[in-house]
Amino acid sequence: MIIGEQKPLDEIKEIIADYQNLLILGCGTCVTVCFAGGEKEVGILASTLRMATRLEGQNPALSEDCPELCRRVEGVAEGKEFMEATVQRQCEYEYNEEVVDLVREADAVLSLACGIGVQTMNEQFPETITLPGLNTSFLGQPTEQGVWDERCQACGNCTLDKTAGICPIARCSKSLLNGPCGGSRNGQCEIDPEIDCAWQLIYDRLRALGKLELMTEIQPARDWSTSRDGGPRKIVREDLRL
Amino acid sequence: MTEFEPQILAFACHYCAYAAADLTGSMRLQYPTNVKIIKLPCTGKLDVLYVLRAFERGADGAFVAG
Amino acid sequence: MNYVKDLLDQIGLGGERLEMYFLSSAEGARFAEIATEMTERIRELGPNPLRK
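Protein chains in written order, with our numbering: chain A, 1 to 242; chain B, 1 to 66; chain C, 1 to 52.
Here chain A stands alone, though its shape is the one from the complex:
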């Protein structure tokens, strides 16, 4: 799934500084499962921002010196409103249709979806800006409670059949196709000893499967045009088109 992480509160406050009436929009798919942008996180962020903006509007120094100005500042900050909603999948127009009324009411949408969701919203509702509340981190897997690890780089040309089901592109720091390199130390990577050497994992698994001969097969230089080297990618399925 797509793993995301919420931006720091201060950055979010800066991003939404120019807008008064915001819709905080969560996504019910990947980012819900990695506890970054689901219904619950929308509720927590909305409540936190509501309190934060109200607290900032009440500047005690201003209230003593200049009550009038304070009231104005308070009015602005307290006027900030946060609506909350979560759609099943923010990367599809059909699901976002459900919140069209709320989007029209808002000056801006603060999306807690991945970068795909944010862009879908911007395409679908060009008259309203949708701002990102998350950083889209990587494609990965929850390896234990509260821990996520990268597993795939969407290179567009899967080689897992040759590498015992362990991806050297995503999991080897150098994306070597003919590994391991000389920096493999006791099963750990020289880039960071916290990282398991992907080629050690591949070797161990190939040996367990009795397929060590795959290690000696030389992988030729690869055509990376299916990855990002070929520019933005696109799939068209004529059989599915209407």
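What the hints contain is simulated information worked out from the structure, not anything from laboratory work. Note that the structure is predicted; figures quoted are calculated from it, not measured. Some hints here could point you the wrong way.
[Unchecked claim] Distance condition first, Cα-Cα at most 25 Å in a straight line; then the derived PhoX-like pairs of lysine-lysine: (1) Lys-39/B <-> Lys-40/A; (2) Lys-80/A <-> Lys-40/A; (3) Lys-174/A <-> Lys-5/C.
[What the hints assert, rightly or not] Partner residues are not named here, just some residues of chain B that face chain C (Cβ under 7 Å, in silico): (4) Pro-6; (5) Ala-19; (6) Ala-20; (7) Thr-24; (8) Leu-29; (9) Tyr-31; (10) Pro-32; (11) Thr-33; (12) Ile-37; (13) Pro-41; (14) Cys-42; (15) Leu-46; (16) Leu-49; (17) Val-51; (18) Asp-60; (19) Ala-62.
[Claimed, not checked] One-sided excerpt, in silico: chain A residues whose CB lies under 8 Å from chain C: (20) Arg-54; (21) Leu-55; (22) Gln-188.
The C-beta atom is built at its ideal place from N, Cα and C for all residues, glycine as well.
Here the structure of chain A is known, so what remains is to put chains B and C in place on it, guided by the hints.
Just chains B and C now, kept in the frame of chain A:
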């Protein structure tokens, strides 16, 4: 100005802290009336949102007891 | 708990307004003690600035 009387919420587990609070009463022990108890079936039922909503709506303090 | 305390700190409300206590059902006196302790702590911190 009258003295500030805080409003404090106690999120209490039905089986431990709520029973303890009940016992406080049975033992005729006194404690400040500022504390208002909310019973939960278990402290595991507590949600971050319950606590945030409490503060958002003006609670001065809160504690969770289980 | 630490997560919420951190949030309260970040927005300037103060994490010390929130606390977690562990006690058994037999600790009636401890509950009264905690209630007094918290009331005193909050009295010192003053009212929640969000209260209208």
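Structure versus earlier hints - violations, ascending order: 3, 11, 12, 13, 14, 15, 16, 22
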